[in-house]
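Asks: Under this note's numbering, the first residue of the sequence shown carries the number 1, and numbering increases by one thereafter.
Source of the hints: derived by calculation from the structure; they are not laboratory data.
Among the hints, a few may not be true.
[Claimed, not checked] Here are the in silico distance ranges between beta carbons for each label pair: (1) Trp166 - Lys12: 15 to 25 angstroms; (2) Leu71 - Val174: 15 to 25 angstroms; (3) Asn165 - Val121: 54 to 64 angstroms; (4) Arg9 - Asn165: 52 to 62 angstroms; (5) Asn165 - Arg82: 43 to 53 angstroms; (6) Glu157 - Thr38: 32 to 42 angstroms; (7) Asp83 - His58: 19 to 29 angstroms; (8) Val121 - Gln181: 21 to 31 angstroms; (9) Gln117 - Leu162: 15 to 25 angstroms.
Ideal Cβ positions, reconstructed from N, Cα and C, are used throughout, including at glycine.
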Amino acid sequence: MSGYKGVLRRNKCGRALSLCAIDKDPGPDGITMNFIQTFWALVKEDIMGILHYFHEHHVFKKIFNANFVALIRKKEGTVESRDFRPISVISGVYKIYAKVLAERTKRVINRLVNKHQMAFVKGRQITDAALIANDTVLIREPKVEQVFIRVLLVVFEVVSGLRVNWRKSSIYPVKEVSSIQTFGSILGCGMGYLPIVYLGMPLGRRHKDVEIQNNILTKAEKGLAQ
């Protein structure tokens with residue numbers, strides 16, 4: 001904790017300021033990070049005074065922590081609220097102090113987290129060890145011995161603690177498969193036929209079909225409008 005309680009040095013705050021993006025929207029006071037960086041020599045005494053006061057007394061004036069919600073148009077001819085994207089704008093002073101704390105955290109975070117975990121470890125992401133099991137596709141040859149892959153999935157369940165929901169799983173034949181009923185009985189899952197929708201995309205149809213492309217565009221427009 002000594003790293004957090006240490007004195008705020010001007011050069012460290014200046015470095016934190018240089019790490020802040022300058023192309024973001026201005027805060028509630030109308031001042032951008034670009035302005036603060038450009039005129040740092042002029043405003044640094046005032047800003048350092050604010051940061052020192054907060055660091056020593058743990059009190060931040062509400063004006064520095066206040067944020068406004070601005071509505072940014074997603075497209076021309078905006079009519080409904082969903083046609084706007086809300087963004088939160090906050091003061092540059094708050095951003096600088098948050099960056100200072102973030103830089104101090106980097107020096108000690110390796111002592112707080114296990115080296116085998118994914119989150120908070122440089123070069124890793126929390127999603128690196130995740131499997132979206134509800135959207136997993138297994139492709140096998142149409143042979144009876146191939147469907148015994150269920151044994152491997154049972155082992156996976158035991159080792160991981162996760163479970164495969166066979167009631168929501170289906171087997172889809174490609175072209176004609178004479179033993180498809182047998183395969184379904186062994187796996188204990190449902191039967192289905194192509195084409196299907198997988199991860200929001202049509203599977204088993206020509207990807208150049210106009211209808212498919214129109215559906216994709218419609219979904220994209222709805223997603224942007226939210």
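Asks: Against the range 43 to 53 angstroms, how does the distance between the Cβ atoms of Asn165 and Arg82 compare: consistent or not?
Replies: Violated - the Cβ-Cβ distance for Asn165 and Arg82, about 33 angstroms, lies outside 43 to 53 angstroms.
Asks: Given the hint of 15 to 25 angstroms, is the C-beta distance from Gln117 to Leu162 inside that range or not?
Replies: At 18 angstroms between Cβs, range holds.
Asks: Take a look at whether the Cβ-Cβ distance between Leu71 and Val174 falls inside 15 to 25 angstroms.
Replies: violated, 48 angstroms
Asks: Is it true that Asp83 and His58 lie within 19 to 29 angstroms of each other by Cβ?
Replies: violated, 42 angstroms
Asks: The hint says 54 to 64 angstroms between Asn165 and Val121; measuring C-beta to C-beta, is that right?
Replies: Given range 54 to 64 angstroms: violated, Cβ gap about 31 angstroms.
Asks: Take a look at whether the Cβ-Cβ distance between Arg9 and Asn165 falls inside 52 to 62 angstroms.
Replies: At 56 angstroms between Cβs, range holds.
Asks: Taking the CB of Glu157 and the CB of Thr38, does the distance hold inside 32 to 42 angstroms?
Replies: violated, 59 angstroms
Asks: Measuring from beta carbon to beta carbon, are Val121 and Gln181 in 21 to 31 angstroms?
Replies: violated, 48 angstroms
Asks: Looking only at beta-carbon atoms, does the pair Trp166, Lys12 fall within the given range of 15 to 25 angstroms?
Replies: Between Trp166 and Lys12, where Cβ atoms are some 57 angstroms apart, the hint is violated.
Violated hints, in rising order: 1, 2, 3, 5, 6, 7 and 8; the structure is consistent with all others.
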